[in-house]
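Each chain, written out:
2 protein chains.
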Amino acid sequence: MLFDYLPALLRESKTKIVLLVMDGLGDLPDARSRLTPLEAAQTPHMDRLAAEGILGRSVPIRPGITPGSGPAHLALFGYDPIQYTVGRGVMEALGIGMDIGPGDVAARGNFCTLDAAGLISDRRAGRIPSDEAIPVVKTLQDIKLDGAEAEVRHVKEYRFALVLRGEGLEGDIEDTDPQVTGAKPLEPVARSAGSQKAAKLFNDWTHKAINILAGQPKANGLTLRGFGGDPKLPKYKDVYGLKAACVAVYPMYRGVASLVGMDLISFQGEAPADEFAAVLENWANYDYFFVHIKKTDSMGEDGNFDGKAKIIEGLDQALPLLLDFKPDVIAITGDHSTPVPMRSHSWHPVPLLLWSAHHVFADEQVQFGEHNCAKGGLGTLPATDLMPLMLAHAGRLEKLGA
Amino acid sequence: MLFDYLPALLRESKTKIVLLVMDGLGDLPDARSRLTPLEAAQTPHMDRLAAEGILGRSVPIRPGITPGSGPAHLALFGYDPIQYTVGRGVMEALGIGMDIGPGDVAARGNFCTLDAAGLISDRRAGRIPSDEAIPVVKTLQDIKLDGAEAEVRHVKEYRFALVLRGEGLEGDIEDTDPQVTGAKPLEPVARSAGSQKAAKLFNDWTHKAINILAGQPKANGLTLRGFGGDPKLPKYKDVYGLKAACVAVYPMYRGVASLVGMDLISFQGEAPADEFAAVLENWANYDYFFVHIKKTDSMGEDGNFDGKAKIIEGLDQALPLLLDFKPDVIAITGDHSTPVPMRSHSWHPVPLLLWSAHHVFADEQVQFGEHNCAKGGLGTLPATDLMPLMLAHAGRLEKLGA
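For the record, the sequence lines run as chains A and B.
First residue of the first sequence? That's 1 in the numbering used here, and the numbers climb one at a time after it.
First residue of the second sequence? That's 1001 in the numbering used here, and the numbers climb one at a time after it.
One thing to keep in mind: the hints can contain errors.
Stated by the list, open to error - Output of the computed footprint for chain A on chain B, the stretches with three or more beta carbons under 8 Å from beta carbons of chain A: (1) 1360-1367; (2) 1379-1389; (3) 1394-1402.
As the list claims (entries may be wrong) - Quick look at which bits of chain A chain B covers, simulated, 3 or more residues with Cβ under 8 Å: (4) 84-95; (5) 268-276; (6) 345-359.
Please keep in mind that the hints were generated in silico from the structure rather than gathered at the bench.
As the structure is a computational prediction, the values presented were derived from the model and not from experiment.
Idealized CB from N, CA, C, for every residue including glycine.
All chains should be built: construct the whole structure from the sequences, respecting the hints.
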């Protein structure tokens, strides 16, 4: 495992590393043009980096496995997402900007409809829209527990997130959704002795919530799923010796970055230029910057080829702002592929560009795109190989052994 | 490990997957033409699939490791052959069409020659030919045991296979071949408490056999090796959610397929067209078909370049029969390389063609052959990666994590 041997090799350095992630970057060729959005986009700056640097492809999880955003980012951060798992509840909470610290346990919540006998008649409360659900969530915000604080927030439609904060809480707890109608919601049952305290608190919270919801026409019940606590991931400072910063707009990516010990940079605006400005303001204070661009993924999910190409072009136009500060190492890649024809995440390997001011083996590829990346000098690598490669090019690793 | 996370990702689907294995397909280029048999063969249908699909190479076990047929097929089926081992006795028995079920223990047997003192004077009984050995094996067929049934069958020359079937039998037993002449055959010694019953039964069988063989001029003794029981491999239905069928002529491949839970299809004839007809007759009943072509390997072992190319051409000519049924995913590959100049299995990576009606990233390769596969978009993969890739293209996997 990487973290078994890497920390012993760390060397002090003042070099700067930038990981630039265009979410869902990878794509499939258009049937007519045989080009992907990345290939169709005009990207003179990235092409210059491609010519001076080296291309390849990263496999987020394993060949054939389509990643969610959480595991895909963990992999780019060097954490094997099969080994390091983060509960669904934690991801959901992070995704809407809730903090998860040591001792916190998160769960995903669904409103459901209960009949007069207390049996579930609709597992999703008639899929009530967000504007109906938000006020219902508000009624649950003041529930008090003995031994923990509860924070509840609306997510989307009939879904909410619940975080309990206290001492000695662990999240190894069974889902309370019976998965069928005509049954009662289950009690939260601890799967380990250490989780009994939290299970009881979630049970107390649920009973208080059900009392409050009694008058609701549809959302008069609830189920909880995906319990989990702080996954206690190794931190960047410890495993990489890096003071790391996250520049991202969306809470989910900020949340995952915070789990590995990155500082979250606050900034105004959402454009690549705004994100780069935030990097540059903090340039002196960090060794490593994770910069996240969301909209490539959104355009892929919308099936919008031209829109995706345009987002990529926008990033390329802003890139000189960053390059002017002369980072020592830049990697430009995606967390996964979101091909336009699929309108969803996919398993396809992700284009990867690695540029460095120091000792990069420049391959023969001069343009950043999927086909060239398949022929690039890096080959096709597990995404978890990227961090050691960046550290190496940044002069931050000693040799192993004599 | 694949089976730790894959089963949780399975999604119901009606898609059809075909794995077409040309045994020993991989080869080395002819010194003059610089072409391999696959490259020299006229294969318009496979080339069309190559153009629409993606090429690569599979590594059956690990780089540099030459596989036997059993491990090579296990790898193609997604079972890491270093982790999932099948006893040599089981493979030998499967290879001649003997069944191995739960509670059975198999061993490979050698006839040997014993001197008057009962010491081994020839470990292979003068390498007696099959026509001498077959009647000797016959004399052993009626040996009765207390607590198990014994089935013995001739394999080749001085070799036979022995399967004991009973209750509570386990095969963790030491070989009885002392590996030197001038020593007595050893007793079968159990290496675990659970194997003591079977060890005693093999011992009883051996004593009865020695009595029967007493009058034989050469084959008057025997040794047993490679003891092993049903390896209890995870089954396709459980790990892949696939109802799977095996269409193969040779018992060995049918045997390995049965170990992973494939149904064995009975059919007439041995030609590719006969095999495809068997697939099509059963098309509605299965999600996945493993089709095995043996003769590419035989031609490689014979050092017959033109013969191997001709077998490949024959398969290509029959391919439209299969393609007309519109499988969703087809992989065409070998289990290992059997290069003509080596006349044996080898460690060289194996050409791999993956075609799908859904979301395959078509690379730039338009002809199926070793050189193009080395440049193909799949790269060079462990053979065990093929199953998840086929499942992904068949739309049979959910994403991992949120």
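Next on the checklist: Cut-off 8 Å, C-beta pairs, minimum 3 residues; does the coverage of the segment 1379-1389 of chain B by chain A stand?
Outcome noted: That given contact holds, which follows from 6 residues of the segment 1379-1389 of chain B lying within Cβ reach (below 8 Å) of chain A.
Next on the checklist: Using a Cβ cutoff of 8 Å, are there at least 3 residues of the segment 1360-1367 of chain B near chain A, or does the coverage claim fail?
Outcome noted: That given contact holds, which follows from 4 residues of the segment 1360-1367 of chain B lying within Cβ reach (below 8 Å) of chain A.
Next on the checklist: Closer than 8 Å Cβ to Cβ for three or more residues is the test here. Does the segment 345-359 of chain A pass it with chain B?
Outcome noted: Coverage by chain B holds for the segment 345-359 of chain A (4 residues, Cβ < 8 Å).
Item to check | Given coverage of the segment 84-95 of chain A by chain B, checked by CB-CB distance under 8 Å (3 or more) | outcome: holds (count 6)
Next on the checklist: For the segment 1394-1402 of chain B, count the residues whose Cβ lies under 8 Å from any Cβ of chain A; is that count three or more?
Outcome noted: It holds, with 6 qualifying residues against the three required.
Next on the checklist: So is the segment 268-276 of chain A in contact with chain B by the C-beta rule, three or more residues under 8 Å, or is the coverage claim wrong?
Outcome noted: violated (count 0)
Of the numbered hints stated above, the single one contradicted by the structure is hint 5.
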